[in-house]
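On the provided structure of chain E, position chain X as indicated by the hints.
Taken in sequence, the protein lines are chains E and X.
220 is the number that the working numbering gives to position 220 of the first sequence; each next residue is one higher, with no gaps.
80 is the number that the working numbering gives to position 80 of the second sequence; each next residue is one higher, with no gaps.
A couple of the hints might just be wrong.
Distance ranges between label pairs, derived from CB positions [said to hold, decoys possible]:
#, chain 1, residue 1, chain 2, residue 2, range
1, X, Pro19, E, Gln220, 18 to 24 Å
2, E, Leu7, X, Leu162, 31 to 37 Å
3, E, Ser205, X, Ser147, 40 to 46 Å
4, E, Leu7, X, Phe112, 19 to 25 Å
5, X, Gly49, E, Leu160, 25 to 31 Å
6, X, Arg33, E, Gln220, 23 to 29 Å
Which stretches of chain E does chain X cover? Using the computed rule of at least three CB atoms under 8 Å from a CB of chain X, they are [to be verified]:
#, stretch
7, 13–19
8, 66–75
9, 78–84
To be clear, the hints were calculated from the coordinates, so they are not data collected in a lab.
The structure displayed is predicted, hence computed values, not measured ones.
Backbone N, C-alpha and C define an ideal beta-carbon position, used for all residues, glycine too.
One-letter residues, chain by chain:
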Amino acid sequence: MNLTGLLSREWRALVRNRGAVLNPMAFLFLAVMLFAVGSPVSDNETARYGGAMLWLIVLLTNMLSLDSLFRRDFDNGVLEQVLSTAQAPFMVVLIRVLVQWLGTGLLITLLAPLLCLLLGLPSEAIFTSMLALLLGTPALSLLGAVGAAMTVGFSRGGILLGLLVLPLFLPVLVFGASAINQAVLHMDATAPLAWLAFISMLALSVGPLAATLGLKISLQLQ
Amino acid sequence: MLNLSDLVCRRDERQLFAPLSLHAEAGDCIELRGPNGAGKTTLLRTLAGLHSQFDGAFACAEFLFQGHRMGLDELMTPIENLRWYGDLEGVRLDDAALREAIGRVAMARAAFNLCQRLSQGQQRRVCMARWLLSSASTWLLDEPYTSLDADGQQLLNELLQLHCDKGGIVLAATHTPLRISNSRVLEIEPAGEDAR
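This is chain E alone, in the form it adopts within the complex:
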């Protein structure tokens, strides 16, 4: 397999199908904005739950973009070609997830300073937030891919995807929010950040293979 060739195809697909990246981002900003508008302005309370709010919105945004992760390839038959002929189908899945992460996790990380300000987080917490997002979002994409793979066979798998995937996201939410909270309280956030990195590594070793198996099962039901 020629990995750079496979990667360049995914990248081209991302550029040609910009809506798949822009729509979740629009949702992200809308959700953050609504939170900012709806929260009381009088006190500084938002800093206390801003971290949890940020992560919650990021989880939902990721879920929105996961639904389309394998959908197109499933419908047009590319997926059955990959699974029937490729020597290492999980590499194709891994590349697909990597590009999805570039369009969600990495983009959110880069936009994090803006999101933090909108959510009323103090500026000291911005760097930790970015680090937490950078370390935690790969786990969201990798674990989410497993759910996306298992629900791709259903034409309306959206709600099922949420029910499958959101519980898996729980540890990322816990440690991600706690990292930001530690930073808000001027405390050392190394421990939750290390946990986030650990979860992402674990997801990297399990996710692609599990997603490939999930896709196989989805194709069996055809």
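What follows is chain X alone, placed relative to chain E:
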């Protein structure tokens, strides 16, 4: 190489057809016939490793599977799709080979349009270009005549004949007889009364 021995596909624990046995040598072209719902598609998917409910055994090496769904990404041009299949197989296709294959299926003029703009028949032709570039020796084709015009059907016959002459094996599920010399027919028969 393509061998089936007493192969039976199951769907929801129901046996789809009577046990099939087949031994295909290089150069064989086999037409898979049977009424609608007999299990032709399921058999081909089983051989391609996409359906795991079966009894019996089969051996099918270096195959290419063409199902109802084309396997072309609609966001890519035919050329990009063909190149991607090359990447998947691990062969670097040079421009000359791509141009020749796309010219052979008379798609040179649409080679740089996105596949979503192509008609079903045109997409089928792009699929045929993919078969030409593939190194697989066994072609598993499901209803290859679908949505092809008269020229396209003629072209398909030529390509299949060429592939068999070169020592490849073709197994095609079809209702329209293939016009290939020395083609055999494998009839799928419904499972008998004694089938469990």
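Hints versus structure:
With their beta carbons about 21 Å apart, Pro19/X and Gln220/E fall inside the hinted range of 18 to 24 Å. Distance hint check: the CB atoms of Leu7/E and Leu162/X are about 34 Å apart, consistent with the given range 31 to 37 Å. Look at Ser205/E against Ser147/X: about 44 Å separates their beta carbons, and that is inside 40 to 46 Å. In this structure, Leu7/E and Phe112/X meet the distance hint of 19 to 25 Å, their C-beta atoms being roughly 21 Å apart.
Taken as a hint, the range 25 to 31 Å holds for the pair Gly49/X and Leu160/E, whose Cβ atoms sit roughly 26 Å apart. Checked against the given bound of 23 to 29 Å, the beta carbons of Arg33/X and Gln220/E, roughly 25 Å apart, stay inside it. For the stretch 13–19 of chain E, the stated coverage by chain X holds: 3 residues have a C-beta nearer than 8 Å to a C-beta of that chain, and at least 3 were required. Counting residues of the stretch 66–75 of chain E whose beta-carbon sits less than 8 Å from any beta-carbon of chain X gives 3, enough to reach three: the coverage restraint holds.
Counting residues of the stretch 78–84 of chain E whose beta carbon lies closer than 8 Å to any beta carbon of chain X gives 6, which meets the minimum of three for the stated coverage.
Violation of the numbered hints given earlier is absent; every hint is satisfied by the structure.
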